[in-house]
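J.: Chain residues, written in single-letter form:
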Amino acid sequence: MVKFGIEFVPRDLYWKTTFYAIQAEKTGFNTLWITDHFNNRNVYVSLTMVSAYTDRIRFGPGVTNPFMAHPIVAAQAVATLNEIAPGRVVCGIGVGDKTTLEMVNLKPSKPLATIRESVKIIREIASGESLDLQGRIFTVSGARLNFRTTSRIPIFVGAQGPKMLALAAEVGDGVLINASHPHDVKRAMEFVTNGASRAGKKISDLEIAAYTSFSIAREQKEAEKAVAPVVAYIVAGCPEQVLQRHGVTTETADEIRRAIVQGKWKDAFSHVTVDMIDSFSITGTSKTVLSKIEQLVKAGITQVVVGSPIGPDIRESISMISREVFPRFLSVQE
Amino acid sequence: MPLEKVVRKIPSSQREATSEKLIDIVLKSRNSKKMPSSLAKTILYYWQKEQLASEVGLQRLLKASLLIDPEKTTAVLRELGFEKLAAMLQKS
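Which chain is which? The protein sequence lines are A and B, in order.
The numbering of the first sequence is our numbering, which starts it at 1 and goes up by one.
The numbering of the second sequence is our numbering, which starts it at 1 and goes up by one.
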């Protein structure tokens, strides 16, 4: 049966994010992800609030990156969270958002080696093991936490390109496919399958999520208006091949990226078209989103992450999802 | 008038609807920053425990919505048919 995850961007006041997190748990979401960008509220502080006010939902960074901080910091943070909420913590890691990394002059160089080694560091350290690693990127000598850890934390690797998707399946407990369009997810599944078999894993050993940008509302236009800023960010950080597949020129993506970096939001969002929204998000009324989700499920994913913005009115959109989306999938599966 | 007395005048049959409307004010207002952190945490606690439509939960919500947007709060109370309560709150 497909599970539903939800992503929050801690841009709002901490108590609003926590309020929506409680609502997500009540309405039956399985996993809650909080994004990690230096210019929003801190991911681990936000997750600590979630851990304190929820009882069942799994949660974790979605995704943290090893360029802004050493992965041992993520290991320490998730291990601490797992002490507060044993067995409920997951850790999403990926290369991060190109646009925000650029703002502090960071470049995600050698992404494959960095992610491979980061997963090893997080897995070993968060499990309470001592680690010696002479990697291509990181060197760790006898590092170990000074406190006991409680349980193994599943690591999900966020991925979009073919090599990263294969690596995610190879080293991760789960894969967060960074795509919303069913064609992209279907394509991604091929690389995930290859990566899994390379590591001798069955595809059923992995949790495979489509980490979507999502916007649901009563009216199509309302949903589109809410999602446009997120789509602008996605296009700005999208690999060239993906842009090409969806008929977006690199010039347009560059213009959007420049406008975002310069803080010219209106300019950046004005480049977003209805076709881009269709390519890079699940947006619309419940009828529209149901049809797209059904295609994702057919492609083989096991978790749909309802990502930012969720909708023009987050509270109402979460209610809509629980009333109008969840029942369809329960009845399909039964 | 103390808020506990105000809330007691709201019939239990209308507490759920009142709570829903006040939550909307608190979440959607541009003045949300006016919410004191301690009150926010109390509201989160009652939300987690499904108590935002209880007498004590509603009191906290009303306190928050009056701090954040007093005009909208009284307008909502009027819309729900609590004219007198709205007038009393406006005076105090």
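A hint or two may mislead.
As the list claims (entries may be wrong) - Once the Cα atoms are required to be at most 20 Å apart in a straight line, the calculated EDC-like pairs of lysine to aspartate or glutamate come out as:
hint : chain 1 : residue 1 : chain 2 : residue 2
1    : B       : Lys-28    : A       : Asp-12
2    : B       : Lys-28    : B       : Glu-79
3    : B       : Lys-41    : A       : Glu-240
4    : B       : Lys-72    : A       : Asp-55
5    : B       : Lys-49    : A       : Asp-55
Stated by the list, open to error - So these bits of chain B aren't anywhere near chain A, every CB distance computed over 12 Å:
hint : residue
6    : Ala-17
7    : Ala-40
8    : Ala-64
9    : Thr-74
Claimed, not checked - Derived DEER-like restraints, expressed as beta-carbon distance ranges:
hint : chain 1 : residue 1 : chain 2 : residue 2 : range
10   : A       : Arg-323   : B       : Ala-75    : 47 to 55 Å
11   : B       : Lys-28    : A       : Thr-273   : 50 to 58 Å
12   : A       : Arg-198   : B       : Ser-37    : 43 to 51 Å
13   : A       : Ala-52    : B       : Leu-67    : 18 to 26 Å
14   : B       : Asp-24    : A       : Leu-112   : 45 to 53 Å
15   : B       : Lys-28    : A       : Gly-142   : 50 to 58 Å
16   : A       : Ala-199   : B       : Ala-17    : 26 to 34 Å
17   : B       : Ser-13    : A       : Glu-190   : 52 to 60 Å
18   : B       : Glu-16    : A       : Ala-52    : 19 to 27 Å
19   : B       : Leu-80    : A       : Ala-52    : 27 to 35 Å
20   : B       : Leu-80    : A       : Thr-273   : 53 to 61 Å
21   : B       : Glu-50    : A       : Glu-316   : 51 to 59 Å
Treat the hints as calculated values from the structure; they're not laboratory data.
Everything numeric in this text was worked out from a predicted model, so none of it was measured.
Positions of the beta carbon are idealized from the N, C-alpha and C atoms, including for glycine.
J.: Work down the list of hints and note, for each, if the structure agrees.
T.: Verification of the supplied hints:
About 11 Å separates the Cα atoms of Lys-28 of chain B and Asp-12 of chain A, which keeps this hinted pair within 20 Å; it holds. With a CA separation close to 18 Å, the supplied pair Lys-28 of chain B and Glu-79 of chain B stays within the 20 Å bound. For the hint pairing Lys-41 of chain B with Glu-240 of chain A, the CA-to-CA distance comes to about 45 Å; that exceeds 20 Å, so the pair is violated. The straight-line distance between the Cα atoms of Lys-72 of chain B and Asp-55 of chain A is roughly 33 Å, outside the 20 Å bound, and the hint therefore fails.
Distance hint between Lys-49 of chain B and Asp-55 of chain A is fulfilled; the C-alpha atoms sit about 11 Å from each other, no more than 20 Å. Even its closest Cβ contact with chain A, about 15 Å, leaves Ala-17 of chain B beyond 12 Å, as expected for a residue assigned away from the interface. Not every C-beta of chain A lies more than 12 Å from that of Ala-40 of chain B, the closest at about 4 Å, which undercuts listing it as non-interface. Look at Ala-64 of chain B: its CB is around 10 Å from the nearest CB on chain A, not clear of 12 Å, so calling it non-interface is violated.
For Thr-74 of chain B, the shortest C-beta to C-beta distance to chain A comes to about 22 Å, beyond the 12 Å cut-off, and the non-interface label holds. The hinted window of 47 to 55 Å between Arg-323 of chain A and Ala-75 of chain B is violated, with their beta carbons roughly 27 Å apart. Taken as a hint, the range 50 to 58 Å is violated for the pair Lys-28 of chain B and Thr-273 of chain A, whose Cβ atoms sit roughly 29 Å apart. Range check, Arg-198 of chain A to Ser-37 of chain B: about 49 Å between beta-carbon atoms, so the 43 to 51 Å window is met.
The given range of 18 to 26 Å is respected by Ala-52 of chain A and Leu-67 of chain B, whose C-beta atoms sit roughly 23 Å from each other. The hinted window of 45 to 53 Å between Asp-24 of chain B and Leu-112 of chain A holds, with their beta carbons roughly 47 Å apart. Between Lys-28 of chain B and Gly-142 of chain A the Cβ separation comes to about 52 Å, which falls inside the hinted range of 50 to 58 Å. Between Ala-199 of chain A and Ala-17 of chain B, the C-beta spacing of about 54 Å breaks the proposed range 26 to 34 Å.
Between Ser-13 of chain B and Glu-190 of chain A the beta carbon distance is about 57 Å. The supplied range of 52 to 60 Å therefore holds. At about 26 Å, the CB distance of Glu-16 of chain B to Ala-52 of chain A agrees with the hint of 19 to 27 Å. Under the hint 27 to 35 Å, the C-beta atoms of Leu-80 of chain B and Ala-52 of chain A, about 32 Å apart, fit the expected range. Distance hint check for Leu-80 of chain B and Thr-273 of chain A: the Cβ-Cβ separation is about 43 Å, which falls outside the suggested range of 53 to 61 Å.
In this structure the supplied range 51 to 59 Å is violated for Glu-50 of chain B paired with Glu-316 of chain A, their Cβ-Cβ distance being about 19 Å.
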